[in-house]
Amino acid sequence: MPNDGERMRQILFLIERGHLAQILMSHDIAYKHCLTRWGGFGYHHLLVNVVPRLRGKGADDQTIETLLVGNPRRAFVFAT
Numbered sequence: 000m001p002n003d004g005e006r007m008r009q010i011l012f013l014i015e016r017g018h019l020a021q022i023l024m025s026h027d028i029a030y031k032h033c034l035t036r037w038g039g040f041g042y043h044h045l046l047v048n049v050v051p052r053l054r055g056k057g058a059d060d061q062t063i064e065t066l067l068v069g070n071p072r073r074a075f076v077f078a079t
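Under numbering that gives the first Met the number 0, the residue at position 80 of the sequence shown is numbered 79, and the numbers go up by one with no gaps.
These are computed hints drawn from the structure, not numbers from a lab.
Label-pair restraints from in silico Cβ distances:
no., residue 1, residue 2, range
1, Asn2, Val76, 27 to 35 Å
2, Gln21, Asn48, 20 to 28 Å
3, Gly69, Lys31, 27 to 35 Å
4, Glu64, Asp3, 17 to 25 Å
5, Arg73, His32, 29 to 37 Å
6, Asn2, Ile22, 16 to 24 Å
7, Lys31, Gln61, 34 to 42 Å
Heads up, the beta-carbon is just placed ideally off N, CA and C, and yes, glycines get one too.
Let the hints inform the model, and build the full structure from the sequences given.
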């Protein structure tokens, strides 16, 4: 399984090739050892750890906004 660094390289690779609008980022917490209380990264991992590292690798505010707000908003729109 790839680590966060490899996942970020893959995300940036896709962004560079014009696929920003198709990327959804997520994570899960399946076991208690994934929670911060038990030594894991916790629910805030993407916001606290991954986003700053993506910024450090060149992702601007608009890219982060698209990844975390715009793309999920479009993905979860349902016809009423």
